[in-house]
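Chemist: If you want the building blocks of each chain, they are given just below.
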Amino acid sequence: MSTERERDDHDSGGTFGDYGGQYVPEALMPALQELEDAYERYVLENEDGFMDEFRERMHDFGGRPTPLQRADRLSERYDREIYLKREDLVHGGAHKLNNALGQVLLAKYMGKERIIAETGAGQHGTATAMAAAHLDMPCEIYMGRTDVNRQRPNVYRMRMNGAEVNPVEAGSGTLKEAINETMRDWATTVERTHYVIGSVVGPHPFPQMVRDFQSVIGDEIREQVQEKAGRLPDSVVACAGGGSNTMGTFHAFVPDSEVDLYAVEAGGSSLEIDEASGVAPNSATLSTGTDGVLHGAMTKLLQSGDGQIMESHSVSAGLDYAGVGPELSHLVDTGRVTPASVDDEDALNGFHRLSRLEGIIPALESSHALGYLEKRYEDLGELVVVNVSGRGDKDLETVLEETEKRDLAAAPEVEVFDG
Amino acid sequence: MTDGSESYDSDVEAAIRENHPALITYITAGDRSLEDTKAYVEALDRGGSDLIELGLPFSEPIAEGPTIQAAINRALEAGTTPQGFFELVDDLETEAPLLVMTYYNMILQYGSEPDVRPFVERAAEAGLAGIIVPDLPAEEADPLRRACDDHGLDLVFIIAPTTEGERLEAIMSQVSGFAYVQARLGTTGARANVSTATHDSLARLSEYDVPKAVGFGVSEGDHAAEIVEAGADGVIVGSALVDIIASSETPDAAVDELEATARELKRGARRGAGEEDAPEPEQP
Ligand SMILES: Cc1ncc(COP(=O)(O)O)c(C=O)c1O
Numbered sequence: 001m002s003t004e005r006e007r008d009d010h011d012s013g014g015t016f017g018d019y020g021g022q023y024v025p026e027a028l029m030p031a032l033q034e035l036e037d038a039y040e041r042y043v044l045e046n047e048d049g050f051m052d053e054f055r056e057r058m059h060d061f062g063g064r065p066t067p068l069q070r071a072d073r074l075s076e077r078y079d080r081e082i083y084l085k086r087e088d089l090v091h092g093g094a095h096k097l098n099n100a101l102g103q104v105l106l107a108k109y110m111g112k113e114r115i116i117a118e119t120g121a122g123q124h125g126t127a128t129a130m131a132a133a134h135l136d137m138p139c140e141i142y143m144g145r146t147d148v149n150r151q152r153p154n155v156y157r158m159r160m161n162g163a164e165v166n167p168v169e170a171g172s173g174t175l176k177e178a179i180n181e182t183m184r185d186w187a188t189t190v191e192r193t194h195y196v197i198g199s200v201v202g203p204h205p206f207p208q209m210v211r212d213f214q215s216v217i218g219d220e221i222r223e224q225v226q227e228k229a230g231r232l233p234d235s236v237v238a239c240a241g242g243g244s245n246t247m248g249t250f251h252a253f254v255p256d257s258e259v260d261l262y263a264v265e266a267g268g269s270s271l272e273i274d275e276a277s278g279v280a281p282n283s284a285t286l287s288t289g290t291d292g293v294l295h296g297a298m299t300k301l302l303q304s305g306d307g308q309i310m311e312s313h314s315v316s317a318g319l320d321y322a323g324v325g326p327e328l329s330h331l332v333d334t335g336r337v338t339p340a341s342v343d344d345e346d347a348l349n350g351f352h353r354l355s356r357l358e359g360i361i362p363a364l365e366s367s368h369a370l371g372y373l374e375k376r377y378e379d380l381g382e383l384v385v386v387n388v389s390g391r392g393d394k395d396l397e398t399v400l401e402e403t404e405k406r407d408l409a410a411a412p413e414v415e416v417f418d419g
Numbered sequence: 001m002t003d004g005s006e007s008y009d010s011d012v013e014a015a016i017r018e019n020h021p022a023l024i025t026y027i028t029a030g031d032r033s034l035e036d037t038k039a040y041v042e043a044l045d046r047g048g049s050d051l052i053e054l055g056l057p058f059s060e061p062i063a064e065g066p067t068i069q070a071a072i073n074r075a076l077e078a079g080t081t082p083q084g085f086f087e088l089v090d091d092l093e094t095e096a097p098l099l100v101m102t103y104y105n106m107i108l109q110y111g112s113e114p115d116v117r118p119f120v121e122r123a124a125e126a127g128l129a130g131i132i133v134p135d136l137p138a139e140e141a142d143p144l145r146r147a148c149d150d151h152g153l154d155l156v157f158i159i160a161p162t163t164e165g166e167r168l169e170a171i172m173s174q175v176s177g178f179a180y181v182q183a184r185l186g187t188t189g190a191r192a193n194v195s196t197a198t199h200d201s202l203a204r205l206s207e208y209d210v211p212k213a214v215g216f217g218v219s220e221g222d223h224a225a226e227i228v229e230a231g232a233d234g235v236i237v238g239s240a241l242v243d244i245i246a247s248s249e250t251p252d253a254a255v256d257e258l259e260a261t262a263r264e265l266k267r268g269a270r271r272g273a274g275e276e277d278a279p280e281p282e283q284p
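From first to last, the protein sequence lines stand for chains U and L. Under my numbering, the first sequence is numbered contiguously, ending at residue 419. Under my numbering, the second sequence is numbered contiguously, ending at residue 284.
If you're looking for bench data, these hints aren't it; they were derived computationally from the structure. Among the hints, erroneous ones may be present.
[Stated by the list, open to error] Which residues of chain L face chain U? A partial, calculated answer using Cβ under 8 Å:
#, residue
1, Thr81
2, Pro114
3, Glu140
4, Thr163
[Claimed, not checked] Which residues of chain U face chain L? A partial, calculated answer using Cβ under 10 Å:
#, residue
5, Val24
6, Pro25
7, Leu28
8, Lys176
9, Thr188
10, Val190
11, Gly278
12, Leu294
13, Gln303
14, Ser304
Glycine included, C-beta positions come from ideal geometry on N, C-alpha and C.
Chain U on its own, in the form it takes in the complex (with noise of 0.2 Å):
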């Protein structure tokens, strides 16, 4: 990672062109201001030798640089060269941590002495968790009661290191009631508790400082791609919920116009949106999203004309979310982001290829990204960087379930896993 980091031209006093801003109750105001002077101070200027002992902790504890692997079969089989950065292998199985640990010690440099945070896969949670016992700092989190259902390992993962799980009753049980729930809880504790977002929305200054702790990813991928290929990538591929391993991948590169950089969101079973249920059985905010103001910023949401957010669906717990950061928002209104989506089945079948052909069990998230690869590798050129965003672990119990359920051209016999 680069040293001190300049302000991008377009994320001038929290906004990125018209996305952006501040839109949360005045009690959390202060601490937003808080926030942001600590941001500016400690991530920025490493006062305190803060970035320094971040980036310490994130090679000893966290396992950091992650490997770029050339990955032989499918360069093979898509006739180009293909690598995977590999942030299934940071701890915690996620790039996740990259931020969870970033903002944690952020706030225990700030004397904030308690930690609260939202999940969707629990993998952020999950994070936050590992990376609170790291630093010795209660911690609660919030997970919506589908999540808790379909992402069992993570809640027992949090709770082994010490943070109390909330399961989350309202609406469809997701992200979205998630985030809502963690927004009270901060709402009343603000004094004293750091709320921290799991991705690279929310107000101002988190979807700056969270891709800052994120750019990691493509800072390593810059340098190590140079150095196994000797050029940059003709594209760049990650898997986008809210956005935060889209950003950290995509951030290094937004200045190299000829690096094409692709934002795969969930399709889930349809891009068709039905208005009437109020239910949209997508993700792919990117792709069908309109400008609207959800969870402290103006940002691409699914929603009713009304203005009513729609319950969004995905196979993967961790891109299930309405809503997407604003950053990657205006990226792609000004161009510069391809917005993308793959269906449910195409992420399944991206899942079982890398599983069988590369010996890496992706999550369903990053399974999305490898998904559109096999779709539109054609149009990806002769150099392509996919990031995994995390391993697939957690997931297994969901793509048994799924992969039964259909008939599937990449996957194994599922019958054998029954006895």
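Chain U is already provided as a structure; the job is to place chain L with the ligand on it using the hints.
Modeler: Below, chain L with the ligand without anything else, positioned relative to chain U:
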């Protein structure tokens, strides 16, 4: 109004000053149905509300506690839309001016493009006197405030227990209608007692000559009395009224109880102001 920047007379400010100490009541529009809401609002008006806040339901009410969250869910399940909301307001004839309380996205999405103006125009046409937006801090409020100024609507800001120093100064200089003093950190919801944060907040605000009304947690006449005695010009009561709607057997029963509860709250407020004619409430 403090700095004379507005070019209209604030009905909201007048309602508080002329009826001091004021009772401000809140219910969610469409809770059960919009027809029932009409009867409830009229009951609150008869019961002595000096201002009435009507919630326009939004699917992600992050500033709301469980009681109002549930009311919003009931209203959305009943199919409440902004169009239906405004038609209800068109129909209502109350003594008390009406304010709409909703989230920013609902305001932005009214009309064909994300823009605050169509909502404000429609609100003015329906006769609403002001707007309260719990997720719109002063920093982000310029577009809405300009639209409200143009149409003679008040945009009410919330003062939280954490609002201090320069932020407090800046917000107080822009107060329109009244300062909504949040009694405690956290979300809306009826509470058993008045928070000490209320007293601290009112003490911090005492030097500002703007109407101050306290909400979040107020549920009975005795709270109203205590809050007015501590220096508030009004009290705001929501969850305790929404509870009545949720727990009444029939809409008619809710109507009677809403009216009686408003009366009791108003009596409490007047007792807090040391008004002789305020009868003592019955002891339980
Ligand atoms: C492995 C993995 N990848 C991606 C995501 C999606 O989040 P984001 O879009 O912020 O990277 C998640 C979220 O839980 C995840 O666990």
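Chemist: Confirm or reject each hint.
Modeler: We went through each hint and held it up to the structure:
1. Interface hint at Thr81(L): satisfied, since its Cβ lies 6 Å from the closest Cβ of chain U, which is below the 8 Å cut-off.
2. Satisfaction of the interface hint for Pro114(L) is found here, the shortest Cβ-Cβ separation to chain U being roughly 5 Å, below the 8 Å cut-off.
3. Interface restraint check for Glu140(L): the shortest CB-CB distance to chain U comes to about 6 Å, inside 8 Å, so the restraint holds.
4. Interface hint status for Thr163(L): upheld, as the beta-carbon distance to the closest one in chain U is roughly 6 Å, under 8 Å.
5. With its C-beta approaching chain L no nearer than about 6 Å, Val24(U) sits inside the 10 Å limit, and its interface hint holds.
6. Interface hint status for Pro25(U): upheld, as the beta-carbon distance to the closest one in chain L is roughly 5 Å, under 10 Å.
7. With 10 Å as the threshold, the beta carbon of Leu28(U) comes within range of chain L, its nearest partner Cβ sitting at about 8 Å, so the hint holds.
8. Annotation: interface hint on Lys176(U) holds; nearest CB of chain L at approximately 7 Å, less than 10 Å.
9. The interface hint given for Thr188(U) holds, since its Cβ lies 4 Å from the closest Cβ of chain L, which is under the 10 Å cut-off.
10. About 7 Å separates the beta-carbon of Val190(U) from the nearest beta-carbon of chain L, less than 10 Å, and the hint is met.
11. Hint status for Gly278(U): holds, given a least beta-carbon distance of 8 Å to chain L, under 10 Å.
12. Taken as an interface hint, Leu294(U) checks out: its beta carbon lies about 6 Å from the nearest beta carbon of chain L, inside 10 Å.
13. Restraint check, Gln303(U) versus chain L: the minimum CB separation of about 7 Å is within 10 Å; hint holds.
14. A least Cβ separation of about 8 Å between Ser304(U) and chain L falls short of the 10 Å threshold, and the interface hint therefore holds.
Taken one by one, the earlier hints all hold for this structure without exception.
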